[in-house]
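**Student:** Protein sequence lines correspond, in order, to chains A and B. Add 4 to the 1-based position in the first sequence for my numbering, that's all there is to it. Add 4 to the 1-based position in the second sequence for my numbering, that's all there is to it.
Everything labelled a hint here was simulated from the structure, so no lab data went into it. Be a bit skeptical, because a hint or two may be false.
Remember, identical chains collapse to one label, so a pair may be satisfied in a single copy or spanning two.
[Claimed, not checked] The calculated DSSO-like cross-link candidates involving lysine-lysine, where the alpha carbons are at most 27 angstroms apart (straight line), are:
1. K548 x K793
2. K856 x K793
3. K72 x K765
4. K865 x K569
5. K401 x K8
As a plain string of letters, each chain reads:
2 protein chains.
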Amino acid sequence: MAEKYVYTFGDGKAEGKGNMKELLGGKGANLAEMNLIGVPVPAGFTITTEVCTLYNQQGRDAVVELIKSQVERGVAETEKAMNAVFGSTGEGFPLLLSVRSGARASMPGMMNTVLNLGMNDATVKIIAEKSNNPRFAYDSYRRFIQMFGDVVMGVEAEKGEHDPFEVAMDKIKESKGYTSDTDFTAEDMMQLVEDFKTVVKERTGNEFPENPWEQLWGSVMAVFDSWNTERAILYRQLNNIPDEWGTAVNVQAMVYGNMGETSATGVAFTRDAATGEDIFNGEYLVNAQGEDVVAGVRTPQEITIEGSKRWAANQSISEDDRKNKFPSLEEVMPTVFAELNEVQQKLENHYRDMQDLEFTIQDGKLWMLQTRNGKRTGAAMVRMAIEMLDQGLIDEKTALMRIEPNKLDELLHPVFDQQAIKSANTLTKGLPASPGAATGKIVFFADEAEEWAGRGEKVILVRLETSPEDLRGMNVAEGILTARGGMTSHAAVVARGMGKCCVSGAGEIKVSYAQKSVVIGGKTYQEGDWISLNGSTGEVYDGKVATVDPELSGNFGKIMELAEKTTRMSVRTNADTPHDAQVARKFGAKGIGLCRTEHMFFEGERIWAMREMILANDLEGRRKALEKLLVMQREDFEGILEAMDGYGVTIRLLDPPLHEFTPNEPEAQEEMAQKLGVSVDVVKSKVDNLHEFNPMLGHRGCRLGNTYPEISEMQARAIIEAACILKAKGKDPRPEIMVPLVGTVEELKLQNEIIRETAEKVFEEKGIRVDYLVGTMIEIPRAALTADKIAEVAEFFSFGTNDLTQMGFGYSRDDAGKFLPIYLNKGILKHDPFQVLDQDGIGQLVEMGTVKGRSANPKLKVGICGEHGGEPSSVEFCHRVGMDYVSCSPFRVPIARIAAAQANNR
Amino acid sequence: MAEKYVYTFGDGKAEGKGNMKELLGGKGANLAEMNLIGVPVPAGFTITTEVCTLYNQQGRDAVVELIKSQVERGVAETEKAMNAVFGSTGEGFPLLLSVRSGARASMPGMMNTVLNLGMNDATVKIIAEKSNNPRFAYDSYRRFIQMFGDVVMGVEAEKGEHDPFEVAMDKIKESKGYTSDTDFTAEDMMQLVEDFKTVVKERTGNEFPENPWEQLWGSVMAVFDSWNTERAILYRQLNNIPDEWGTAVNVQAMVYGNMGETSATGVAFTRDAATGEDIFNGEYLVNAQGEDVVAGVRTPQEITIEGSKRWAANQSISEDDRKNKFPSLEEVMPTVFAELNEVQQKLENHYRDMQDLEFTIQDGKLWMLQTRNGKRTGAAMVRMAIEMLDQGLIDEKTALMRIEPNKLDELLHPVFDQQAIKSANTLTKGLPASPGAATGKIVFFADEAEEWAGRGEKVILVRLETSPEDLRGMNVAEGILTARGGMTSHAAVVARGMGKCCVSGAGEIKVSYAQKSVVIGGKTYQEGDWISLNGSTGEVYDGKVATVDPELSGNFGKIMELAEKTTRMSVRTNADTPHDAQVARKFGAKGIGLCRTEHMFFEGERIWAMREMILANDLEGRRKALEKLLVMQREDFEGILEAMDGYGVTIRLLDPPLHEFTPNEPEAQEEMAQKLGVSVDVVKSKVDNLHEFNPMLGHRGCRLGNTYPEISEMQARAIIEAACILKAKGKDPRPEIMVPLVGTVEELKLQNEIIRETAEKVFEEKGIRVDYLVGTMIEIPRAALTADKIAEVAEFFSFGTNDLTQMGFGYSRDDAGKFLPIYLNKGILKHDPFQVLDQDGIGQLVEMGTVKGRSANPKLKVGICGEHGGEPSSVEFCHRVGMDYVSCSPFRVPIARIAAAQANNR
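Whole structure, please, built from the sequences with the hints as guidance.
**Tutor:** Written out as structure tokens, the structure is:
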């Protein structure tokens, strides 16, 4: 017996079913499934993906021979189910078909489609007559010629030329003085049919085929061909879809919502996609085609009475006007609506998720054209998952897996008021560097930001770019706008850490520090003028736009509880201040994975002690300056350890090169000279001396601690003293001291000695002991390669995947903006490796480091503290590698928690 | 039976032998061996290394108990052989002993020694009497007290204090008005003995032990203790000597060359250590101790008549004067000399290598104190290896293995005339950045160097630091001196590539470009003044010092032939010009492993075409500028491919970031604007735009070729056109096109497509085809990690270990000077990883890259083109990893060839 290559469906029956996606593709399987559960779907049949493979191997003729009789049977079944005749010459209503692709995975917009197939000079007349709508019939016919000519026969505009079909339409428009396609009459459409046929003949040398079978075979093969277009191949590469899968072809009867006043078309959602509310909703139009609903030419109407009333209230439309001009489907076609309502419930119950439906009513009969899981906002996603769980529709694991972790971000930051934003005026668009909404008065300098904020003003800090000296200003601002810098610029990284709205790299704005003004979107703003930022989209708005604070609703909490129950990895946070630590703890962080101590050196008077140390010529001088820093650092650590009481706090020793602490501008150098009582030449020569060609690969990290051991000693003392003070108060401080930028075990050995010796001294002085760990950041490729050696000394590893990515790829984050966008665009990279961990390459180092590290020290605690610690696919990787925890910025903690739980449930 | 812990030797007998180094240490085994072959050696015994291990585990008492009787037997045997009595109280001549360490590997100066052991108030009197030389006796006694007090009893100067023994001596000197130690009388020495005993008592609280056995045991244990001093441990770490080896202790009878006119002491070499000539030579002094020969107080005399005559001629001393004042040992003690001559021949024949001997003649009797393989110059090394091979003393493999590859460097560069250098005045010392000697007139600018050299002047280019713009100036200079930059600075790397003498990082010199002057060693030099550089030592000399060109003697050629016969890996060169290629070919290079194309862009007018391209706003503009470069590059490649005709030439596509081609100084920017007909603002803004924070990790390598494919296209065209032109002339060009800085296979894929498409076009245009390869540099860690993927496209890999080291370690070569010296000093690093490949870490990437690459493409050709390709231990590693070739700068080719051959013979 011949193998089965064609699966029919229709009239409540189907030869395939929902779980046959490999063979029938997603769409085909779904069409079959809908039939089986009694949803009215236009009949048709699916040609399997195997045929696509055979087509690629053996070509058209072999395939036609193989499946000819099966396709003919499919058409016959379709005719029966739809009570129509393919290529009718008069006896029955002509059956028109759509031919669509349908691969195992969705490839939206990549593949070919042909509609209205079966139209020819004979059938069009019957349809014109039977539908009593000649314009509709000839419009459908000319559309078919255009589509078929384009997709199957290869009519193409030549370089610099307009589309020849459009040219033909324009000619008529011009001669008749029409302004819109809707002005065309039935006669015009008839003329167009002739003109389009001429175009086809002229362009291809072939006649447009009147024979519907010829039309059908041509269309089926065109769909197979579209599997191998360049853009389809690129799309598959980017989305990891194997070329061997192939596409199925779905041939299905056409139905029309534009056949008169008893026809209609619409879209609907089984729940509210914006809020998640469990309420059926959607829009429809009478006597219209699908595209009319979304095109905005006519105002679509609500399908339910309740929805219609809400809408009218919102638009300030009276109930009478509403009933007369914008009645709901429930009112206009109550019987059909009841059937639709039943169908939507059936579909949601069947698929156990919110469905996005397309339907058409042809001459009073409801047809479902599509159902799929609906897109939703973050808030709706959470609400639906919890409510469906409560309704018993899904189980806990399913509810958890329904959460797209990244979407939680929407719930955690202020957003613009929905009404206010509608009337806002967009000035320009930068990069969405750190999500949230912000509105405030423009200031240009960090100290002015502090000053203004100090007197209660809301400010937006506008800069060409930010530097560590701007930290305090950024901290008090509502949001930050920069002209330069990418998604990983200083401004972006720091703002994300603070959970603060930031738009970076808004290249079009022109900042003048001298005049304290900025030109945005052609308009000049002075200091004190209001602007607003959307850090989630990168948009910059004129003036003040009201914002709304996030409400972490009960459903959010419930989802987090679900995650907590089934997770293996814990989630820590990257935090440098007690405030950040508290925020993160509220979001469920269990400890700090990275506390950067250098940020503490920039604040206020501290920078002067730091600079004094840098200028010192000898150990004595450095120790004197370090004494001052010791006092301040101890206080910092007390605050942070207290905020995370009972949880581990990983404190990284000084990391950045010393030149980050010295000023480059002549005035600032003079100030420094005066303040520290030395000549400007001394300052200048020190600054020159500290200059580096590649600071990223320079004198930083533990290279500082190993050339100036007194710095590590001071920091170790500050940490241990702080811990002792807290313990004496009955607290439970758990410091974990992290040595940065270790590349050889010898570096760690020397630092470890300093730390342990210092700790012993402090314990003796204080008469109290605290437990602490000493470990290292694995951020240099060589550290991962020699992790077994390093783990002989380290008690923990924390993968610094930011630097590991910089060095592993040889990409400077500050400079990669010049080629990364091009690389992403050309498909050289699938993701920005600073956002999504490169599992193929850098991941090898992470895995190697973990495995080698544990081989030498089975008790080794392993975590990650790069930006990747808050990125879901990277979190999943960390789980797979066997890490103990991930650490991310406070506002990413909930995202990481969900991702970690999901990883454990896969 | 008790285990044997003590091995005696003496009187032509020995219980151990030469191959027992593990048990007896190097020295002990050698002493035994010399006895066995009939060389007169003072008798004694060796305590085995096992005892050291037992001492470390069980302590002194256990060890003494274990070996007491064996040591007593050793002393008794020694007494018998030497006809002397240990601790004699009158009946016999007292036996005095030396106690020395002797580990398996030499640890010069690291361990303790005690001499003249056995001296006490009783024996000193007997010796004074029997030797008839009380001053000698008491001098030896006080030296013993000093040494024993220091080494065994722990007498130490306190902080800030002078050595207390020296203080005691100074007191006598002062009171007697002596100027030198030689002024001391026998009575003074007696006084010193008393004073020294007082010092011991005061400092240690203990009496100096008169009992010789107590002296002996204390000294033996002190030697064991010195195995575990901090410096010894550090030395072992640095030299990979296991702590478990332990040291043996050699107890040996003392002999004295200072017992009168029939005593003497000397050192000798079986061949000439400077030239390699097969002639016995050495120096001696009558009535002297070993240290007198080297101290320079008395003029040592030659041992042979021939040597003595040569010396006298050199010193312009008449034959009469010579005979009277400086007679040879051959003349003074003909019998002893004859015995010595016999011994030296015996030793060289036995050890089959040039021996460095120490001997003492005590009262007319010859004693050999030490023999070891002698140190030698590079020239001597080569001559001896070949002559010993010719003499049948060693076989070919041994001759080959005798060559220390790095020492060949001495033979390949000009050196200073031996006479001239003696009177030269050293001004300062920088880093020995590139070997050789150079003398010339100071110039400060590259264009002036060209101008001066053009009119036949010899010039030394003196700069703060060099940049690619200085290349032509460096090329015509005799040598380069820079104030800044380390061993891997631009100046150093380029100079080594050119085989040109360079002293870099001479931090003390002060360069003033404005005044065209430089202060060196306190003296101001103007443009045109003469200085001289020794690039092998870093020394800078005042004025003109004559140099001598290297002579690549026949022996050098013979050694190279030996290497050629037994090597597996071939050696290529890194060369950017036909001249360099020819030089390297003469040295035996078989192809070019790295031809950097960017150097070609800096020369003369070319920089302007390059800058025009950089300034161009669009593809058209860039193509126009590239057209100009195409013509010039094609010529370059013709020259290079022709110079290496028949061998593979790996040409790397453009690598450095574009900002290296644009000027930073305002004047130069103005010149550029004028020359290219744009405003200065345009130039400035382009320069600003190209600025990078970490250029090392920026927009360079194939990131340029993938954002501006037209550059790769132009270069591919230039290479293939050049090859076609040569092939048409009957030549055999073999271009291998190398894509730099690949981190993902996709980058290489795109470049590969461009190259292959361009090549096909050229072949069609020219009507001729040439074979060529397309491959990549593996210099980014991620490339090594994903080498299997990359090898699916690449036909060859060339490891760029310079960048791989930079990124793998996270060290910027330009900045590492701030911490690398400290790291080397503290033992964090054993070698500068830019000079010696880090096999533990970076080596993993190299091995992984090779293995993974070959797994995907078994025909993959693999080589290395970093600086490491000319460093012997790294070359050996490359051989082990299975590379096909190494590539290094032309002047390192012979070194690499020897290293490669030796690797294959290990």
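**Student:** The structure should be examined with respect to each hint, and the outcome stated for every one.
**Tutor:** Right, here's what the structure says about each hint:
1. K548 x K793: neither (57 angstroms within a copy, 53 angstroms between copies)
2. K856 x K793: Both, since 8 angstroms and 24 angstroms are each at most 27 angstroms.
3. K72 x K765: Neither: 89 angstroms inside a chain and 45 angstroms across chains, both beyond 27 angstroms.
4. K865 x K569: Result: close within a single copy only, 22 angstroms intra versus 54 angstroms inter.
5. K401 x K8: neither (37 angstroms within a copy, 75 angstroms between copies)
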